[in-house]
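Asks: Just so you know, the protein sequences line up as chains A and B, in that order.
Each residue of the first sequence is one higher than the last, beginning at 0 in numbering that gives the first Met the number 0.
Each residue of the second sequence is one higher than the last, beginning at 0 in numbering that gives the first Met the number 0.
Note that these hints are calculated values from the structure, not bench results.
Just so we're clear, the structure is a prediction, and the values are computed from it rather than from any experiment.
Glycine included, each C-beta is placed from N, C-alpha and C at the ideal position.
Please note: incorrect hints may appear among the correct ones.
[To be verified] Here are some, though not all, of the chain A residues that point toward chain B, as calculated from beta-carbon distances under 7 Å: (1) 172; (2) 199; (3) 226; (4) 237; (5) 329.
Listed here are the chains, written in short residue letters.
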Amino acid sequence: MSDHHPTGITRWFYTTNHKDIGTMYLWFSFIMFLIGGAMAMIIRAELYQPGLQFVEPAFFNQMTTMHGLIMVFGAVMPSMVGLANWLIPMQIGAPDMALPRMNNWSFWILPFAFTLLLSSLFMEGGGPNFGWTFYAPLSTTYAPPSTDFFILGVHMMGISSIMGAINVIVTVFNMRAPGMTLMKMPLFVWTWLITAFLLIMVMPVLAGLVTMMLTDRHFGTAFFDAAGGGDPVMFQHIFWFFGHPEVYIMVLPAFGVVSEIIPAFSRKKLFGYSSMVYATASIALLSFIVWAHHMFAVGMPVAGELFFMIATMLIAVPTGVKVFNWVATMWQGSLTFETPMLFSIAFVILFTIGGFSGVMLAMAPVDFQYHDTYFVVAHFHYVLFPGAIFGTTAAVYYWFPKWTGKMYNEAVGKTHFWLSMIFVNLTFFPMHFSGLAGMPRRIPDYNMMFADFNMWASIGAFGLGFTQLFFFVTIIMAIRGGKKAEEKQWDGATGLEWDAMTTPAPYHSFSTPPKVD
Amino acid sequence: MTEQAQENKKLIKRLLAIVGGMFIFAFALIPLYNVFCDITGINGKTGGQALYQNVDIDKSRVVTVEFLININRGMPWKFESQVKMIDVHPGELNEVIFYAKNNSKFDIVGQSVPSVAPGEAALYLNKTECFCFDQQKLMAGEDIEMPMKFYIDADIPEDITRLTLSYQLFNITDSVNANNSASVATK
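The following block holds chain A by itself, in its conformation from the complex:
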């Protein structure tokens, strides 16, 4: 097998190789993670003490908005696509992704989309300041002029995501090695396949929504303008019809990642493989009928609140199945605690905490107390940071030796983990309390009574932000001078990428299909 690959900068511009594109996605998302993180640092610095210290409220609003947008669309989603690019062909025994040129295009749209979005911060009137959920009329009638750049940016990254998703589906359906039946696929491939279907179902809805915003702003339509017969509440319905599946888009691939890692370090088969597949599919299906639990407070009739409340709580069932399976996989296994395993176990524990606060929020009557408070902020950061981000981090540590043939420094990796684990809790746990006590989200100043909780959260956030630099250092150290990785670095690892491929993974994956038992 030839391992020749092009060199120089044009390698990255013209590449159609799934590994190169995966690498670019991962670095891109890491850069976005740092930018979004820097915004979080500004937010936490301002909230360190009550009163206004560092930034104007208007700029604070732009920071909360951009932090959300960048993290959701720039950091988490591309990191998952990056993992998909790297791993799916290797895990199903394919030579590459099915549509390599589209793959190149779908990546290279992203830097432009996010340059557009970020540039709006420097425009007259400032960047988007209406929250990442961009509710009308804040994002239509009262929005800054730069909102059109935001709309175009969302369109572009939507196109990118849709192309990425189509690529995954076509690859999984048409490129599997002979013998790789659907129910033999690694769970990461399964969760990504389901995620890809969610993406092609809801990203067009988001595109439609921002198109309506655009015509409302400039072409005299009144989709969300009550004066013209429209309805601002409808904006929220359409947004969350996209938005709820979107949260599963961000976390399902991470489910897949830990479902690979936990069995490897427990030296056991995954407990309940098929129930994992069905649970993932049910979560995806249910995600389409629960959107209005984000808007219990808009004045829905009781019947509606009941429906969305019960449907939302139903999601706890398949999610519970998954958590049970992960724990059962570890039960009586020969566990070792290398960095990827540590991140995966933390994922299971902390994601479950986020799931519990989700069930609390699902209860319509009490949601009136929690709605738009820091309790919500605590909830979704618990499912996103230890969920999506720990998942991606675990994946990078786990597959890094396979990808590069080099081993990272386990001591630095473990330091990265333990500091992250401490600081993520110090940052987000106090937010539960300030939220329950009634501190609203998206405010630059707050009542004195919340001062202690906010100071802890800010200290935690600075620590958490700083700790992520360890990740960067570990990776760079490993690339520059890491020990040579073993042919099979983790003795419990299974799958084609470990058993049927040399280390480091060759530039072109399986040119001839591997044998699948």
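With chain A's structure known, arrange chain B on it following the hints.
Replies: Just chain B now, with coordinates in the frame of chain A:
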């Protein structure tokens, strides 16, 4: 490989159809939502002009109807109802006078948008005459008295003894001027 390419093409076409379908679905959500709310009456939106014919009057019940007025930002009108609240029997035709005055030095077109709380009551509130069916254009300083006639359907559930009809008044001069031919008014 060509066979593979053809397979891929077929699948891509299907997936693109889903993408296109979902994009259209986003827009279809709007009429779907409105129809759904019309049928179930959960949004508090009142219907169009009703006729008062062969309506049963239920003298045994009394429903209190409150009127609430909100004037949107950038709307320099005075706008009020002559009574804040009336007690009506279901089925009876009632008339309430609303008064509007343009306090500015400009000609302004206004549009009021009604809403009923609780939402379920909207299905039973029928208006035979309402200024909200049209736009109002008031010259600078002009004022107007506008009658609003309505009756409450005798089928209204027993537990609704009080309902609020609110009007939000918007300044739509700019959009009317920008798009003279467009009919912005609804119901």
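Asks: The structure should be examined with respect to each hint, and the outcome stated for every one.
Replies: Hints, verified against the model:
1. A least Cβ separation of about 6 Å between residue 172 of chain A and chain B falls short of the 7 Å threshold, and the interface hint therefore holds.
2. The beta carbon of residue 199 of chain A comes within 5 Å of a beta carbon in chain B, closer than 7 Å, and the hint placing it at the interface holds.
3. At its closest, the beta carbon of residue 226 of chain A sits 3 Å from a beta carbon of chain B; the interface hint therefore holds under the 7 Å criterion.
4. Because the smallest distance between the Cβ of residue 237 of chain A and any Cβ of chain B comes to about 6 Å, under 7 Å, the interface hint for this residue holds.
5. Restraint check, residue 329 of chain A versus chain B: the minimum CB separation of about 37 Å is more than 7 Å; hint violated.
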